[in-house]
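Heads up: the protein sequence lines correspond to chains A and B, in order.
Number 28 in our numbering belongs to position 27 of the first sequence; there are no gaps in the numbering.
Number 41 in our numbering belongs to position 40 of the second sequence; there are no gaps in the numbering.
It is possible that part of the hints are untrue.
Copies of the same chain are indistinguishable here, so a pair counts whether it falls within one copy or spans any two.
[Unchecked claim] Straight-line alpha carbon distances no greater than 20 Å define the calculated EDC-like cross-link-like pairs of lysine to aspartate or glutamate that follow: (1) Lys12 to Glu47; (2) Lys12 to Glu51; (3) Lys12 to Asp54; (4) Lys42 to Asp17; (5) Lys42 to Asp53; (6) Lys12 to Asp75; (7) Lys42 to Asp54; (8) Lys42 to Asp75; (9) Lys42 to Glu80.
Treat the hints as calculated values from the structure; they're not laboratory data.
As the structure is a prediction and not an experimental result, all values here were calculated from the model.
2 protein chains.
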Amino acid sequence: MARVVVDVMLKPEILDPQGRAVQGALGRLGLVGVASVRQGKRFEIELEGELDDALRARLEELAGSLLSNPVIEDYVIREAATQGAPA
Amino acid sequence: MARVVVDVMLKPEILDPQGRAVQGALGRLGLVGVASVRQGKRFEIELEGELDDALRARLEELAGSLLSNPVIEDYVIREAATQGAPA
Chain A
2 MARVVVDVML
12 KPEILDPQGR
22 AVQGALGRLG
32 LVGVASVRQG
42 KRFEIELEGE
52 LDDALRARLE
62 ELAGSLLSNP
72 VIEDYVIREA
82 ATQGAPA
Chain B
2 MARVVVDVML
12 KPEILDPQGR
22 AVQGALGRLG
32 LVGVASVRQG
42 KRFEIELEGE
52 LDDALRARLE
62 ELAGSLLSNP
72 VIEDYVIREA
82 ATQGAPA
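Construct the entire structure; sequences and hints are all you get.
What follows is the structure, given as structure tokens:
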């Protein structure tokens, strides 16, 4: 049983109005000194078996097409601890 | 300059229809053996200074109120490497 985390974030050169809104709100609510906020998506995928090379290759393909929009987003795939807190 | 990542996920007991839809799509697109998918949010926050105890406490408060809905979501805060790939 493997657990895979895929983080999808807007590419650095893409404006993130949602992140800017959060940044403004954090400032108004008293968190000073916030230089920037970017908001993205996080997918936690549990697999029934282990993460072998074939599965990893297919997951890479799908992370770059289904889970993210390659025109504006980057993704990072990593294997996480199977149980407990998010890694 | 500190970089903080806040991951916000639905609590385990809360149904995640968006994650279920992604799980179904992954299966249809040829990724077999996916036991579950949960989708959440990821915030990357860059601070102008260092993350001291006072700032961390305020950030904890805001992560539990502004960035997440404590009724249905859990959050995890961690300090990340300042530069490079998402941690």
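(request) Can you give me the call for Lys12 and Glu47, within, between, both or neither, at a CA distance of at most 20 Å? (result) So Lys12 and Glu47 pass the 20 Å test across copies only (16 Å; inside, 26 Å).
(message) Checking an output row: Lys42 and Asp75, CA cutoff 20 Å. Within, between, both or neither?
(response) Answer is both: 11 Å inside a copy and 15 Å across each meet the 20 Å cutoff.
(request) Could you place Lys42 and Glu80 in one of the four classes (within, between, both, neither) given a Cα distance threshold of 20 Å? (result) both (16 Å within a copy, 18 Å between copies)
(message) For Lys42 and Asp17, with the copy left unspecified, which applies at a CA distance of at most 20 Å: within, between, both, or neither?
(response) Classified as both; 13 Å inside a copy, 14 Å across copies.
(message) For Lys42 and Asp53, with the copy left unspecified, which applies at a CA distance of at most 20 Å: within, between, both, or neither?
(response) For Lys42 and Asp53, the Cα distance exceeds 20 Å both inside one copy (24 Å) and across copies (27 Å).
(request) Pop the pair Lys12 and Glu51 into one bin, within, between, both or neither, using alpha-carbon distances up to 20 Å. (result) neither (30 Å within a copy, 25 Å between copies)
(message) My question is about Lys12 and Asp75: at a cut-off of 20 Å on alpha-carbon distance, are they close within one copy, between copies, both, or neither?
(response) For Lys12 and Asp75, the Cα distance is within 20 Å only inside one copy (6 Å; across copies 26 Å).
(request) Have a look at Lys12 and Asp54 and pick one of within, between, both or neither, based on CA distance no larger than 20 Å. (result) neither (27 Å within a copy, 31 Å between copies)
(request) At 20 Å max between alpha carbons, let me know whether Lys42 reaches Asp54 within a copy, between copies, both or neither. (result) neither (24 Å within a copy, 27 Å between copies)
Consistency with the previously given hints fails for numbers 2, 3, 5 and 7, ordered from lowest to highest.
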